[in-house]
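Those sequence lines, one after another, are chains A and B. Heads up: the first sequence is residues 1 to 337, going by the working numbering. Heads up: the second sequence is residues 1 to 337, going by the working numbering.
Be careful, since some hints might not be right.
Identical chains blur together in the list; that is why a pair holds if it fits in one copy or across any two.
Said to hold, decoys possible - 35 Å max Cα-Cα, derived DSBU-like pairs, lysine-lysine:
1. 330 x 233
2. 233 x 36
3. 330 x 169
Keep in mind that the hints were calculated from the coordinates and are not lab data.
Protein chains: 2
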Amino acid sequence: MSRMLVLTETDLRPILRLDTSAVDCVEAAFAALATKPVAMPPILRLDIPEHRGEVDVKTAYVPGLDGFAIKISPGFFDNPLLGLPSLNGLIVLLSTHTGLVDALFLDNGYLTDVRTAAAGAVAARHLSRPDSSVAAILGAGVQARLQLEALTLVRPIREARIWARDPAKAAATADDLSAHLGFPVAAMAAPEAALRGADIVVTTTPSERPVLEAAWLEPGQHVTAMGADSEHKNEIDPAAFTRVTYIADRLSQTRRLGELHHAIAAGIVSEDKNFAELGEVIAGTRPGRVRPDEITLADLTGTGVQDTAIANLALARARAAGAGRAIDTKAAAGDIA
Amino acid sequence: MSRMLVLTETDLRPILRLDTSAVDCVEAAFAALATKPVAMPPILRLDIPEHRGEVDVKTAYVPGLDGFAIKISPGFFDNPLLGLPSLNGLIVLLSTHTGLVDALFLDNGYLTDVRTAAAGAVAARHLSRPDSSVAAILGAGVQARLQLEALTLVRPIREARIWARDPAKAAATADDLSAHLGFPVAAMAAPEAALRGADIVVTTTPSERPVLEAAWLEPGQHVTAMGADSEHKNEIDPAAFTRVTYIADRLSQTRRLGELHHAIAAGIVSEDKNFAELGEVIAGTRPGRVRPDEITLADLTGTGVQDTAIANLALARARAAGAGRAIDTKAAAGDIA
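Could you build all of it, start to finish, from the sequences and the hints given here?
Below you can see the structure in the form of structure tokens.
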């Protein structure tokens, strides 16, 4: 009753990887958003401008899952000057029946990396053409790698291109991914070149100005924009909204924090336009792609249901593997529980 | 860098008790609210009505403190049927410089108990008459005990009365407190009798209807209402607002969640009335009690700055005592860090 399971990043990495079951679990969470009385309050946000810091707290209750996650995600952007990562965080999983803490995932953001990449796979599975084989990734960070890997789980990818502001980083990432995934991954000098002939495009940058111009889009492409998760971030040229079928992860959130926010600000779409959400497309209650030559755009800002889904999966895996350590809050932390 | 200190309730109880330094630390936090650019976002609230559950997440950044707390407070009101406590929770303390987790307090709400009682002492220190010697407590739960104990830290209390809906519980609490505090504590059959001649009144019930009638108030009394922390809770007769000098812990919050909320709803005070906050009284920028025969009412709904203050104190105490256990998130949780 007063016991909880504690797992570190090191405990979690071997038992929960980006694989089809992670994708399926995030897909089910999105479907629940459209079909069940999910409770997902707005993100709690704290800013600490003195240290270029920010913290987001996300949560969601999904009926039918035993636990609900509360995720604490700090981003402190001067940390690299101190030799520390900018992004960190942990997830607390509480019982939906008692509110007691079932598990603490001291994951430094690892589960977020996995569930974010899994959401990219879910978007591609439901919005890209089934025969999509060429991927373009803008950005060369952790998500750039994971998003490409995620695409290979759902589409027959046989070639990829990477563009990033830092050409050396793009080249290194392309080399790594080529070796890891077993198909050619080329670093490109310009984003436009990366997009040409691509079936699926994923933008994974922290950019505050568009990195993808509307004119570059080609019929039949699917674009997943997953970099923007706050008011000032913007990867997609607002003019693209005149050419695409737009799908939000959570419309109330993308209106404030996503690419949609900038299209509304630019006066290109109206604020009250009732776009479909990814969960509705999965559940079949709203259409996604209806024609092969359509251009689709998935705007992923990150939702609490993804955290709740991946945290439940992580606890199931941990129990099955006997991983982690039980702590009894009614005993000293140093005692083995 | 990837290490954090983990303390359980059992670790925390001996090193952080309700004492003058806890009161001073919470007092300083309230003063900071009035004098420093504190960042305290609105509470994140998730409701799970199927299980009569709710979770509040509170946070506050106080310039000058090394850490900021994020507190997760679940309340699941069917838990007693399962032999479990209704209230639980934990506090995460993050570095204000890097956002890294410095400490995890798996306290099951213990630090909240202490900081809430300490706030009662702070209110009494600044709003009650200095010669206050008779206390009345409405309610007989954990806070009833702690609030009376807290008053003894700041005022020369020599007698107390307790009233609660359950007379047996009131009697047992009165007996315990009398033995523990060394002065007479009597259980009273009616709240009105408890108030008669009292200098300080503390209401600590989860009531949804007033337990304190306006007509019972006597000149010179100070009342601290600390039971209400959500829209539907209400301890003080709204008519009391015509007789009292009202002080909020956080005005934007008591307008929504406190006794003030019900006085506004009853049309007795206007929504935009700019009442003083406790921190302003402490800082001396707004008056509190100005006459001995004045009746003061402190409306305490609980604030993130209290959590941040007590969590910083707890970490300092833990380090000084060598208490708790370090966990390295880059190692397995089972390994001694």
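Quick rundown of the hints versus the structure:
1. Only between protomers do residue 330 and residue 233 lie at most 35 Å apart by alpha-carbon distance; the minimum there is 30 Å, versus 44 Å within a single protomer.
2. Proximity of residue 233 and residue 36 under a CA criterion of 35 Å is satisfied in both settings, with 31 Å inside one chain copy and 29 Å between copies.
3. For the identical chains of this complex, residue 330 and residue 169 are inter-copy neighbours only, at 25 Å across copies versus 49 Å inside a copy, given an alpha-carbon limit of 35 Å.
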